[in-house]
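Trainee: Going line by line, the protein sequences match chains A and B. Counting in my numbering, the first sequence runs from 1 upward without gaps. Counting in my numbering, the second sequence runs from 1 upward without gaps.
It is worth saying that the hints were derived from the structure and are not from the lab. Small disclaimer: the values here were computed from a predicted structure and weren't measured. Just to be clear, a hint being listed does not mean it is correct.
Unchecked claim - Below, computed lysine-lysine pairings styled on DSBU-like, alpha-carbon distance capped at 35 Å:
hint : chain 1 : residue 1 : chain 2 : residue 2
1    : B       : K20       : B       : K183
2    : A       : K248      : A       : K149
3    : A       : K149      : A       : K123
4    : A       : K183      : B       : K123
5    : B       : K248      : B       : K183
6    : B       : K183      : A       : K123
7    : A       : K183      : B       : K149
8    : B       : K123      : B       : K248
9    : B       : K20       : A       : K123
10   : A       : K20       : A       : K123
11   : A       : K20       : A       : K149
12   : A       : K183      : A       : K248
13   : B       : K183      : B       : K123
14   : B       : K149      : B       : K183
15   : B       : K183      : A       : K20
Number of protein chains: 2
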Amino acid sequence: MRPHVVIVGAGFGGLTAARKLAGAPVNISLIDRNNYHLFQPLLYQVATAGLEPEQIAKPVRAILRRQANLTFRMTEVTAVDFEAHQLQTADGPLAYDYLVLSVGAETDFLGLADLAEHSLQLKGLSDGVAIRNQVLACFERAAVETEDKDRRRLLTFVIVGAGPTGVEMAGALAELIHLVLVKDYPELDGQIVRIVLVEAQSQLLPGFDESSAESARRTLEAKGVEVMTGVSLVAYRQGLAELGDGGKLAAETLIWGAGVRAEGLARGLSVEHGRQGRVVVEPTLQLPGQPQVYVIGDAAYLEADGQPLPMMAPVAVQMAERTAANIRLAVAGRQPQAFVYRDPGRLATIGRNAAVAEIAGIRFRGFLAWLVWLVVHLVQLIGFRNRLLVLINWAWDYFFYDRAVRLITEDPLRRE
Amino acid sequence: MRPHVVIVGAGFGGLTAARKLAGAPVNISLIDRNNYHLFQPLLYQVATAGLEPEQIAKPVRAILRRQANLTFRMTEVTAVDFEAHQLQTADGPLAYDYLVLSVGAETDFLGLADLAEHSLQLKGLSDGVAIRNQVLACFERAAVETEDKDRRRLLTFVIVGAGPTGVEMAGALAELIHLVLVKDYPELDGQIVRIVLVEAQSQLLPGFDESSAESARRTLEAKGVEVMTGVSLVAYRQGLAELGDGGKLAAETLIWGAGVRAEGLARGLSVEHGRQGRVVVEPTLQLPGQPQVYVIGDAAYLEADGQPLPMMAPVAVQMAERTAANIRLAVAGRQPQAFVYRDPGRLATIGRNAAVAEIAGIRFRGFLAWLVWLVVHLVQLIGFRNRLLVLINWAWDYFFYDRAVRLITEDPLRRE
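Using the sequences and the hints, build the whole thing.
Mentor: Right, dumping it as structure tokens:
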């Protein structure tokens, strides 16, 4: 009887682990609550009407169809019984010989009242569509609004958190509005639109070099984004954002990207946790005292050079490779090895022809960085068909200054 | 002051009327509850995971951006006051000099208890996505179901109504399941899947020639669809469909396409109605006694050769052309002219290389009819980008026997 490896989560970590165990003498069960793998780095382009949601997601069964030692299950894991070597799922219990928890991260609203209910986030596919619907519905409503005050509130968009996602979101939103929507809504004055990017830390893109951050700030400001650093959000209710410096912003839309923590299943485990609810793991990525259990990706807490490894796709992918190798070693009766992280660098795009890159100690920006960003993301996207459709959409939008996917599939301003 | 033409509905009729009035000495307000025009003839391909929903819809503002005499409003029309020449909308009243009601049709559940709640329909974009989610979720659930009886119920799909939509839906569903999903779910026995097409009339494709209908039936049966004609649905509740001939079908999924009626606004007007709640109009398409009001498309009742004109896109488009011409005549102080329908023929596809066509008195089928169907639909789809993406998807699916869009974006079987 081959050992049973259960992998929870079909994100970058879980999917890589499953693929790297192809041909290994094990039976794999891959579990996810969705039936697809989501390419999260491009989710902000779904939110800004540049890509169809289906183009950045691919069914797990389609990806792994040829892998004979794997079964996929779409279900929710509700608990882990380490003693019994068994998971609880919405479809009953599932026993494991080896367990890989690659459950990812979720938005952390940092305990701010009302924020979870009234703000938008950018984690899952439906979040991207929800932001698209919200932005477009605000423009439709503003077009019929007679009160100047209300029209300005409808056309003020606040993005909190200026990591790569917040910066990319702000840049793409500015281009959607100033290159496309102003032509769609000749009855609206484009001058009253406000896009405000709020960051509690003193620089944009924390983790990047200061010169990259300054470059990103200048590019964003040239696109009409107001950048506020060293300012935190204190509250957001009834369309009013209150800031730490006493400022207030009347905004119908607030996109929250300032807090993230390990996903609920990982935070709920009775084990040692590091910052952001991440599960502390051994250098081999095993759970202390549970050599059959590996925790990887955003849900895992491991330090390198005294710093926690960042919650980024490359970390999850590399951890998954190490974990697959370690399970192969363990099955063969050998000792697992320690994980060594190779930093691939940092990339963030701010829009047309504009990006910042820090790769192999070299910093560059502008058109070249943008081209690198484009190629890296296109190559990493899974599936030739998705790559082709995304490339066509990008080329279309680039040459025609368009964003074709500007449909309101559900009107958030007329919710019953 | 130019006359104000208000067009309600941005389907085939409303959109055509708006375009044909470009350059006319009028101001146009086009109103729709959605911000996009939907190409309904391809909706069944969204339902069967062949196309992304965004590819068969295009924002109205994008379509009509260059038309200077037009304003678009996304809102709901709640009532028409013919005396005051005014509409009530969710955003307040709107006065008109000329009114074009092109509000289309909605599903009619024919008073069957529970049907509206438990069955799926195929009218709007979200309906297409809902069917896709349902079919895929049934397969996911069947893969973990241990009871044979329940697994069979999950994998039985009943389609009621064998007009072009029902036939196209059945053929596409059979191909999705037998060409694609059987490979996705090696743990399931493809033999237990049932697709049942139920039609109350004695032949498939009412309105087509009997030989076309027989050809469609043979093609469907070869694809594994069970075709039942002369049988009506009596009830559907708790996963059990009861038929008029006493038969019962345990089916988790029932797609209802057997009833259609004019949209609520049209049915609610205090005017004379024909069959299916359609508004009786003069030969000029004017509302009797209200020469400023035109009713066109599915919502209008007009007979030709003693038969009511069918609820089909070509009728709506031709009526819209006549209406735009009549409004131009009326504005110039001249008399409106009667509508004359030119029947463009009938087309229905049943799947790969298979269709039936009746054009200009000639009946043909098979590969040639399928090619005609393909070209006609591609040409009628609005927007070069949508055409390109749809063509790529079709080519991909045709050559690779794939349906790439098989994502479950919301699991209907785990609704809370």
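Trainee: Please go over all the hints and tell whether each is borne out by the structure.
Mentor: Against the structure, the hints:
1. B:K20 with B:K183: Violated. K20 of chain B to K183 of chain B sits at ~49 Å, over the 35 Å cutoff.
2. A:K248 with A:K149: Given pair K248 of chain A, K149 of chain A holds - Cα atoms ~14 Å apart, limit 35 Å.
3. A:K149 with A:K123: At roughly 31 Å apart (the allowed maximum being 35 Å), K123 of chain A and K149 of chain A satisfy the hint.
4. A:K183 with B:K123: The hint holds at about 30 Å.
5. B:K248 with B:K183: Judged against 35 Å, a Cα distance of about 30 Å means the pair holds.
6. B:K183 with A:K123: Distance of about 30 Å is within 35 Å: holds.
7. A:K183 with B:K149: Distance of about 57 Å is beyond 35 Å: violated.
8. B:K123 with B:K248: Holds, at about 26 Å.
9. B:K20 with A:K123: violated (44 Å)
10. A:K20 with A:K123: holds (26 Å)
11. A:K20 with A:K149: Violated: K20 of chain A and K149 of chain A sit about 56 Å apart, past 35 Å.
12. A:K183 with A:K248: holds (30 Å)
13. B:K183 with B:K123: holds (30 Å)
14. B:K149 with B:K183: Given that 35 Å is the threshold and the Cα spacing comes to 22 Å, the pair holds.
15. B:K183 with A:K20: At roughly 22 Å apart (the allowed maximum being 35 Å), K20 of chain A and K183 of chain B satisfy the hint.
Consistency with the previously given hints fails for numbers 1, 7, 9 and 11, ordered from lowest to highest.
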